[in-house]
Amino acid sequence: MKIHIPTPLRAFTDKQETVSVEGATVNEGLAALVATYPAMQANLYTPEGKLRSFVNVYLNEDDVRYLPGKEDSPVKADDELTIIPSIAGGACCLAGCCCR
Amino acid sequence: MGRLVVSPEVHAAIRQHGEQTYPNECCGIMLGKNIGEDLEVWMLIKAGNTRTDSAHNRYHIAPQELIGAQREGRKSGLDILGFYHSHPDHPAMWSKTDFAEAHWFGCAYVITATDGDKITGRATITKSFLLTGTSEDDKAFVEQEISIEPD
Ligand SMILES: [Zn+2]
Numbered sequence: 000m001k002i003h004i005p006t007p008l009r010a011f012t013d014k015q016e017t018v019s020v021e022g023a024t025v026n027e028g029l030a031a032l033v034a035t036y037p038a039m040q041a042n043l044y045t046p047e048g049k050l051r052s053f054v055n056v057y058l059n060e061d062d063v064r065y066l067p068g069k070e071d072s073p074v075k076a077d078d079e080l081t082i083i084p085s086i087a088g089g090a091c092c093l094a095g096c097c098c099r
Numbered sequence: 000m001g002r003l004v005v006s007p008e009v010h011a012a013i014r015q016h017g018e019q020t021y022p023n024e025c026c027g028i029m030l031g032k033n034i035g036e037d038l039e040v041w042m043l044i045k046a047g048n049t050r051t052d053s054a055h056n057r058y059h060i061a062p063q064e065l066i067g068a069q070r071e072g073r074k075s076g077l078d079i080l081g082f083y084h085s086h087p088d089h090p091a092m093w094s095k096t097d098f099a100e101a102h103w104f105g106c107a108y109v110i111t112a113t114d115g116d117k118i119t120g121r122a123t124i125t126k127s128f129l130l131t132g133t134s135e136d137d138k139a140f141v142e143q144e145i146s147i148e149p150d
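Chains as they are written, first to last, in numbering that gives the first Met the number 0: chain A, 0 to 99; chain B, 0 to 150.
No lab work stands behind these hints, which were simulated from the structure alone.
Where is the CB? At the ideal position from N, CA and C, for every residue including glycine.
Careful: at least some of the hints might be erroneous.
Across the chosen pairs, the derived CB separations fall in these ranges [said to hold, decoys possible]:
#: 1; chain 1: B; residue 1: Asp52; chain 2: A; residue 2: Ala76; range: 36 to 42 Å
#: 2; chain 1: B; residue 1: Ile147; chain 2: A; residue 2: Glu60; range: 35 to 41 Å
#: 3; chain 1: A; residue 1: Glu47; chain 2: B; residue 2: Thr131; range: 25 to 31 Å
#: 4; chain 1: B; residue 1: Thr119; chain 2: A; residue 2: Lys1; range: 42 to 48 Å
#: 5; chain 1: A; residue 1: Glu47; chain 2: B; residue 2: Thr119; range: 44 to 50 Å
#: 6; chain 1: A; residue 1: Glu47; chain 2: B; residue 2: Lys45; range: 35 to 41 Å
If we strip away everything but chain B, and leave its shape as in the complex, we get (with noise of 0.2 Å):
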């Protein structure tokens, strides 16, 4: 099983944007390389939720702004690694919606639970699950582990 490998600024970032959204979902795109089966993430990009009718728990990132990262991707050699979302006032697991909703195989979708009091919350678990699997019948989320490693 391969490890998301991320610098303490990547994975502090990816909290503090679940922070800053809060009571709302964050998500972004992660970007970086395939080291061996390691998913080692270079850079973020904040995803605006584009579901504003239901923000708090519902995250949808524009077609446009995964092509936009796609040629950002190209343009400096990193691929889409896979994407974060937070979850507010609910734990650090992937729900039947994020399954059901996710067709990245073979990338990470991290989600970071975010605790507070409806007004500001903080950012506490942050887990990684991999998409394992080739198609929509025999896909999997499955947890693997978060190395923080300085660059």
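For reference, chain A alone in the conformation it holds in the complex (with noise of 0.2 Å):
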């Protein structure tokens, strides 16, 4: 499968947009990604090795979150995961904002 990095990570992958991996699931995508470039790790994972909340994987068009097997579904030689992270914010903090 090929794996599309965003910008931000791409420091960890010698600058590769797409890395291709061996796997037949999307933690076995993830898990080749991480062992091609180990500095991956700590970007995509938590210390315990749970998916990072503001880190999105798609599989095709979608969010594998979603999916029914989620990290675990299957995935064919042509799928493509996308790897995004999240894009939020706000004018105010939650506690003690300048307008309220």
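Both chains come to you apart, so use the hints to assemble them.
What follows is the structure in structure tokens.
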């Protein structure tokens, strides 16, 4: 499968935009990516080994979190995984905002 | 420190988007090229703010829109360089929420303050903050120069 790497994580993949890995599931693909580029580990996973909450992984057009098999979903050779950190924010901090 | 290089048209479009969505926050994606240390913006993709529950003080870009932007960029040889959003009736300064939810290292986060009367607003100050560092532990926002240059 192909894994598309977002701009901020290419520092850890020798600037590669797309990495081809072997694996039968999403997890196996991500594990193969980390095996090749170990610095990706801390960016993708918490110290407990869970995918970080702000890291979205898409299998083709689908958010892996919402697939029935989640990260164990099967992947075919011509499938594409996309790693995409979330984009969010806001003018107000949660407590003690200047406008309240 | 690299600069954010934009054309007058791109600069105006970022600010107008904030005026259009006022009193809510606007948000969008900037595509372009790294030229040396500089981030040169070639193209904007306006995003829909998915935070309809509190759009006046929160923004969120759907991952699908980001994936679409990344795909668009690959076709035209451009990268995602950063993002912009507005702060209705708030200063053009990043908030704690902005910092906590910033994960695109090496990318620019552009903030435009929009001031108004809760019905119509106009863009005042626009600033760009580069997210430096390479991980959640060493990241920091550093203000960078916005250089407005004709194409
Ligand atoms: Zn903000």
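Hints versus structure:
no.	hint	in the structure
1	B:Asp52 to A:Ala76: 36 to 42 Å	holds (41 Å)
2	B:Ile147 to A:Glu60: 35 to 41 Å	holds (37 Å)
3	A:Glu47 to B:Thr131: 25 to 31 Å	holds (27 Å)
4	B:Thr119 to A:Lys1: 42 to 48 Å	holds (47 Å)
5	A:Glu47 to B:Thr119: 44 to 50 Å	holds (48 Å)
6	A:Glu47 to B:Lys45: 35 to 41 Å	holds (37 Å)
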